[in-house]
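Number of protein chains: 4
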Amino acid sequence: MIAIDYEELKISVNILNTTPTHRLPVELTERKGLGHPDYIADAAAEASSVALSKYYLERFGVILHHNVDKVLVVGGQSNPVFGGGEVLHPIYVIVAGRATEFVNVGGSLVRIPIGTIIVSAVKEWIKRNFRFLDPDRHVVVDYMIRSGSADLVATYEAGAKSVPLANDTSFGVGFAPLTSLERLVVSIEKELNSPRFKNELPEVGEDIKVMGMRTGSKIRVTIAAALISHLIPDPDHYISVKEEIKNRMLDLAVKIAPGFDVEIDVNTADNPKLGAFYLTVTGTSAEHGDDGATGRGNRACGLITPMRRMSLEATAGKNPVSHVGKLYNVLAYRIAEKIVKEIPKVQEAYVELLSQIGKPITKPQIASISLLLENPAEAESARRYAEAIAREEISKITSLTDLIVKEQVQLF
Amino acid sequence: MIAIDYEELKISVNILNTTPTHRLPVELTERKGLGHPDYIADAAAEASSVALSKYYLERFGVILHHNVDKVLVVGGQSNPVFGGGEVLHPIYVIVAGRATEFVNVGGSLVRIPIGTIIVSAVKEWIKRNFRFLDPDRHVVVDYMIRSGSADLVATYEAGAKSVPLANDTSFGVGFAPLTSLERLVVSIEKELNSPRFKNELPEVGEDIKVMGMRTGSKIRVTIAAALISHLIPDPDHYISVKEEIKNRMLDLAVKIAPGFDVEIDVNTADNPKLGAFYLTVTGTSAEHGDDGATGRGNRACGLITPMRRMSLEATAGKNPVSHVGKLYNVLAYRIAEKIVKEIPKVQEAYVELLSQIGKPITKPQIASISLLLENPAEAESARRYAEAIAREEISKITSLTDLIVKEQVQLF
Amino acid sequence: MIAIDYEELKISVNILNTTPTHRLPVELTERKGLGHPDYIADAAAEASSVALSKYYLERFGVILHHNVDKVLVVGGQSNPVFGGGEVLHPIYVIVAGRATEFVNVGGSLVRIPIGTIIVSAVKEWIKRNFRFLDPDRHVVVDYMIRSGSADLVATYEAGAKSVPLANDTSFGVGFAPLTSLERLVVSIEKELNSPRFKNELPEVGEDIKVMGMRTGSKIRVTIAAALISHLIPDPDHYISVKEEIKNRMLDLAVKIAPGFDVEIDVNTADNPKLGAFYLTVTGTSAEHGDDGATGRGNRACGLITPMRRMSLEATAGKNPVSHVGKLYNVLAYRIAEKIVKEIPKVQEAYVELLSQIGKPITKPQIASISLLLENPAEAESARRYAEAIAREEISKITSLTDLIVKEQVQLF
Amino acid sequence: MIAIDYEELKISVNILNTTPTHRLPVELTERKGLGHPDYIADAAAEASSVALSKYYLERFGVILHHNVDKVLVVGGQSNPVFGGGEVLHPIYVIVAGRATEFVNVGGSLVRIPIGTIIVSAVKEWIKRNFRFLDPDRHVVVDYMIRSGSADLVATYEAGAKSVPLANDTSFGVGFAPLTSLERLVVSIEKELNSPRFKNELPEVGEDIKVMGMRTGSKIRVTIAAALISHLIPDPDHYISVKEEIKNRMLDLAVKIAPGFDVEIDVNTADNPKLGAFYLTVTGTSAEHGDDGATGRGNRACGLITPMRRMSLEATAGKNPVSHVGKLYNVLAYRIAEKIVKEIPKVQEAYVELLSQIGKPITKPQIASISLLLENPAEAESARRYAEAIAREEISKITSLTDLIVKEQVQLF
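Residue numbers (the working numbering), protein chains in the order written: chain A, 1 to 412; chain B, 1 to 412; chain C, 1 to 412; chain D, 1 to 412.
With the rest of the complex left out, here is chain A (with noise of 0.2 angstroms):
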């Protein structure tokens, strides 16, 4: 190990000696997808924050105070069969947090619109990212967000001139590179969402699921993919789509992971003797029952991977300024990213940042990276190498705000 107090900057890098995940001997992971409650309770919190973000940076010059990474997803009930069906009861969301409502400008208070900004921010989302779900009819949209006090807002500002102040004590987690089961699995549930596949196979709703796992060579993916009501006319349709889904994806599989046994299953709870099917009006199953929160979906790599190092902070909604629970992690996998993409030695790497509260972003209490690497010998230019990336990637970190901003940045 080595401990660098540089600049007050403590980056402590270490070689891990074990076996890279690809070749544990089993391996899981999951992507909760577009239309899946804890995603649309996530989608919601950072298109609020967006929003936000942008209604204050235009009027104001500078991203305000807030954080709104507690969205609930209430199910609604729902009602669909064989070539129709509807909604009987609309999906609720709530978005609560705080946001920055009053802001002095020279002497008078001016009032942000913060109801409107929320309400208009979530609804455009699902307009951008459904085709049969209406924000509208089947969605009731509310918030309860406290307005931060006077006070918070000078300090704000103050803040705003240089480095921000890191908002609460927490830590980023992140790794890379991603490994064969776990790009599999991002690309199954992105390849069903691409406008394309819709196009082709529009019986295919939003929300799916995929679940991943791997012993030795064998890869087994399961899929819980929503399907369209009203775009299906009977079982037999229904099942032909299931097949198809299976043989693109099957087919997808080859090209992203070559080499290994592949198996496929789509909803694997149908059981047409019982009429089960994963039928849906909207292509969410947020429409009949089930219930989303933020931070409960994926992990800023687009996973969930409970055989990783991981952080349980919920990037979306917080404010991209001075919120370490959201920067942090992005943070951690940038840098982890690019040490194994500019040091080619590294099989592995992963890193750990722990803010301390009130000190500059630009100072963690720690840094902590772990690299696997192919030959120990070369384990001392692998740590300067390291090293660098993150002291650099860290100064850096403010360039990030505008990124997220931008939503140039994956946070689930």
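Just so you know, these hints were derived from the structure itself, not from any lab.
Hints may be right or wrong, so weigh each one.
Same chains, same names: a pair is fine if it fits in one copy or spans any two.
Straight-line distance between alpha carbons at most 25 angstroms, and here's what the computed SDA-like set of lysine to any residue pairs gives [as the list claims (entries may be wrong)]:
(1) K341 <-> S381
(2) K127 <-> L88
(3) K218 <-> K359
(4) K363 <-> D270
(5) K54 <-> T215
(6) K54 <-> F260
(7) K10 <-> D265
(8) K123 <-> G84
(9) K273 <-> K359
(10) K246 <-> R131
(11) K341 <-> T18
(12) K359 <-> P272
(13) K255 <-> I357
(14) K363 <-> D261
(15) K127 <-> E86
(16) K345 <-> P25
(17) K273 <-> D168
(18) K218 <-> L9
(19) K359 <-> D265
(20) K123 <-> D134
(21) K345 <-> M307
(22) K127 <-> N247
(23) K198 <-> L57
(24) K10 <-> S381
With chain A held as given, fit chains B, C and D onto it using these hints.
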């Protein structure tokens, strides 16, 4: 790797060739204590599930379907001042989920008092666990519960007769043992929230968050403890309480983590010059803007462990009969604990369980066990022993249900 | 007095020996117009009832039980400024009540999409009636509806075959004709909210409240009209719009109330020096703190008439089949109107109907009619004629249901 | 008619040449008692206003602006059975309106604990007035209050120094005396809800609605009384309680309305053959689907009087300082009562008061008084006397504020 398909039960035991956690150069862990908004959300969810389970058991002899694992705690507003203060706006608790509301008993529908059960359960939990948070004046407890369909009830009864069927495809993850750092972090929170401690230092509120970092043999613990405003007349008293916490916890650290160089910081965000103190009227930061959500706090080992394998599933609020997101996480920790207890040569054990929806919960898709051994030569016997333990524990999984309802299992 | 028990129908006709309203020394009346928060609450309730009725009719051939006559409109927050402004927090509309959600059709339960019906109905009403209030961005439409029990459905069907049974013991009250003052107050609001007027003077919002007072031959009308902020660049423009309203309404008064000395005041609470103007972003005061509730606005004659006999029952939102609180009020006005129209010697007619719960709605406990005659000598023939009219109208009460569902009856 | 403009105060006194109400052939009146959902809504609104007023007075010496006159009571769900039963879903009470939340005291903002005040006030009212409705288990009390702007506070203080200014253009209406029918209806409800009666016949719940009809000298009173299920073991007991109510109320009628032929019906919708009884677990029909709203129940005389002049303004929940919708209604009844008490020759008196927004509340636009005299010859002296009474009472209007806050004025 050994993959054993024993009566359809696939158990994989793998020997990990890596550094045990307690010898890693850097270690991070965190516990969100009793009064933390996320803990309240977990506790409200679980109190609701336990109360429903007891009601169902008493009336029908079985625990009927429910899943109330999405609780949102929306922070209130308060006005704490030295020697006083008041709650301005109550905390808002919304319990979301599903629960069987109608039961067909001999042809006639019996209705379950879902609302009264849940509201009472949450309020009683608060009454039992807080001294200054009055659930009837400082909290609005609401719920958004959809009842299961009549079919669900029927299916449920069918399943209840034999081994329950997994309600989902999801995984449970556990490990053992805790490191010194982890035990210290848990112990500090439990000590600070113990009746004895509260008796001696009543100024310490229930909302305690403990962040632990170890670098080599140095441990740094950061405690955020909400202090009770009406018991603290002035800043001097406040500072003396902080000192007392620090000193007592240092004494505790000598017992729990001997041989480490321990530093403890309390309420590091305080800034007396700016009048910034961590004061609360009720003992929880939820009284002023801090929100919470189920599943965002501690894992079943009582900690958030970013550098360990971890599940994202919330254990709280799920039904303890068929919900693998609850049972498999509890079980994974139990298996790991039993392995390290009964097989002395095992330094660390990790367990992952993956369910398959619709199959008996005694038949996971896979049970994956990873062991760190002191002596690699003993791998074979350790494997066999560990596998036997796993097989036995999995076969007894249904006994967990009763323990959970009796609140004898740590879930968060 | 004559009390006639005709086939159990007791009709009392009484000759009032008093001064007709238009000759009283003082007269007061008020109309809350289209965009007033209480009107919105009435309209949201009625739109919900009509939409439910149509859905029930279309699917089942009968209007099933419902009663959604408790709508709460919680005012939002806005920030109107000359030439612009925005909604800060949306208006919150909660539709409360009961509606049949499950229908037993040949042994299987059919579910009604209560939620979608109500949310859509309220939003569509807003879209049809406002130009600048966007139901999807400026309003959160929620509902709290309990479904009727299975028994209710059955009972209902039984009743639907013949004359419906009164659902409650309550009364309906009506009178005719309107006085000049009353007609003027109604006409002013309807004119200001007419498409033609809006076309010519778009600055005038939908929230118009008209208060009328007559002392002797002098009429004073106070109009509170929400003006649209983004259409009004400055105070001068604002004042010119007020002048225009005043002048046009004085012209109208000449036609509606010739022979009266009419004074018209517009937005009397304005105080230009203090910057107080009645500006709104959306056209309704509900956008900034003004709340509304069903049943707190106009009676079925379109007015609040404190010096006339009046029912407190809300007509809006009640089911149009068996709810006497709706039907008897509409019917009472109809009978009164027919009496004054067909019996020229009747100067004024008052009608009260009292139902008895569980009895056919064609059998009120009493129908009480009071007549003011120009010539007392004609009492006997007037009585007989009035009674005959009442008897006929009561016997045709079930025809009102259809008219109400087609929105051809004024309810508020 | 005499129109007197006395110091800007216009009082019109008119002699009505008509039949007094008690001699009309038909008379109808109704009282919604203590536990009726509309009464609960009124009481919750007023309890909130009184609690706010007291808090403001205690801290600031003046009652600050508030208006919480829109309460929605959403019925719960319950399951009453002979000898038992339970609440399934709590009643939901939402207090909507506005209240001053920030007060500028010497340059620093003091916050008012609006939420705690309102929630506590409503719950305490329930505790004081119900025996079996537990506000903490059977009711969810919520609120949607917007705070007044900082300007409002300032304006208010300015007004508080002298006579308050009318906050709106609205009217108050009152009359006196009550007829025998009216007194009987009020007396029956008050008797049934008296501590003595509850002590003797505890089976009678708090939700009592009394409908009274008089035709000639025949009075028919229909009582709907919610009975308490757990105190009534079987239908026989139920029927005996109904008999007891009937007999006792007939005794009361002999005292209150001697000389009338009184018939009393209790719970006429009961149908023992179909198992239909009016049973409740808690004493109010709000426990099972019956909703309530402020302003939909009794007028300030304690009755709904469809055949009398009546205001639609809710008195409950409005601030008792400047809200004419509250003060003018109370005052109108007071003036009418004083007139009939002090001027023996006046048979009936009606009073209407119309405010003008922004003017002192002691200066209504008009005070209109109508008198029925036994002897028309005494008109002139009656007029002068009545006018003097009105003038004096109007000048003392600010004294009502204190009486209202002390709950010494009947409002509904």
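So, going through the hints one by one against the coordinates:
1. Taking identical chains as interchangeable, the C-alpha atoms of K341 and S381 lie at most 25 angstroms apart only when both belong to the same chain, with a minimum of 15 angstroms there against 41 angstroms between chains.
2. For a Cα distance limit of 25 angstroms, the shortest separation of K127 from L88 qualifies both inside one copy, at 20 angstroms, and across copies, at 22 angstroms.
3. With identical chains, the CA atoms of K218 and K359 are at most 25 angstroms apart between copies only, with a shortest distance of 21 angstroms across copies and 48 angstroms within one.
4. Taking CA atoms no more than 25 angstroms apart as the test, K363 paired with D270 passes between copies only; the shortest distance there is 19 angstroms, against 52 angstroms inside one copy.
5. Taking the closest pair of Cα atoms, K54 and T215 never come within 25 angstroms of each other, the shortest separation being 46 angstroms inside a single copy and 40 angstroms across copies.
6. Proximity of K54 to F260 under the C-alpha cut-off of 25 angstroms is found in neither arrangement, the shortest distances being 45 angstroms within a copy and 48 angstroms between copies.
7. In this assembly of identical chains, the alpha carbons of K10 and D265 lie at most 25 angstroms apart only when taken from different copies (18 angstroms versus 47 angstroms within one copy).
8. Taking identical chains as interchangeable, the C-alpha atoms of K123 and G84 lie at most 25 angstroms apart whether they share a chain (24 angstroms) or sit on different chains (24 angstroms).
9. For the identical chains of this complex, K273 and K359 are inter-copy neighbours only, at 17 angstroms across copies versus 62 angstroms inside a copy, given an alpha-carbon limit of 25 angstroms.
10. In this homomeric assembly, K246 and R131 come within 25 angstroms of each other (Cα to Cα) only inside a single copy, at 22 angstroms, whereas the closest approach across copies is 50 angstroms.
11. In this assembly of identical chains, the alpha carbons of K341 and T18 lie at most 25 angstroms apart whether taken from the same copy (20 angstroms) or from different copies (24 angstroms).
12. Taking the shortest Cα distances, K359 and P272 sit within 25 angstroms of each other only across copies (16 angstroms), while inside one copy they are farther apart (59 angstroms).
13. For the homomeric pair K255 and I357, neither the shortest alpha-carbon distance inside one copy (45 angstroms) nor that between copies (28 angstroms) is at most 25 angstroms.
14. Taking identical chains as interchangeable, the C-alpha atoms of K363 and D261 lie at most 25 angstroms apart only when they sit on different chains, with a minimum of 23 angstroms there against 46 angstroms within one chain.
15. When the C-alpha separation of K127 and E86 is checked against a cutoff of 25 angstroms, the pair qualifies both within a copy, at 18 angstroms, and between copies, at 22 angstroms.
16. In this assembly of identical chains, K345 and P25 lie within 25 angstroms of each other by CA distance both inside one copy and across copies; the values are 23 angstroms within and 21 angstroms between.
17. For a Cα distance limit of 25 angstroms, the shortest separation of K273 from D168 across copies, 20 angstroms, qualifies, whereas the shortest one inside one copy, 54 angstroms, does not.
18. Proximity of K218 and L9 under a CA criterion of 25 angstroms is satisfied inter-copy only: 17 angstroms between copies versus 43 angstroms inside one chain copy.
19. When the C-alpha separation of K359 and D265 is checked against a cutoff of 25 angstroms, the pair qualifies only between copies, where the shortest distance is 15 angstroms, while the shortest distance within a copy is 49 angstroms.
20. Taking the shortest alpha-carbon separations for K123 and D134, both the intra-copy value of 9 angstroms and the inter-copy value of 13 angstroms come in at or below 25 angstroms.
21. Taking the shortest alpha-carbon separations for K345 and M307, both the intra-copy value of 23 angstroms and the inter-copy value of 23 angstroms come in at or below 25 angstroms.
22. In this assembly of identical chains, the alpha carbons of K127 and N247 never lie at most 25 angstroms apart, being 30 angstroms within a copy and 46 angstroms across copies at closest.
23. For the identical chains of this complex, K198 and L57 are neighbours neither inside a copy (35 angstroms) nor across copies (37 angstroms), given an alpha-carbon limit of 25 angstroms.
24. In this assembly of identical chains, K10 and S381 lie within 25 angstroms of each other by CA distance solely inside one copy; the values are 18 angstroms within and 42 angstroms between copies.
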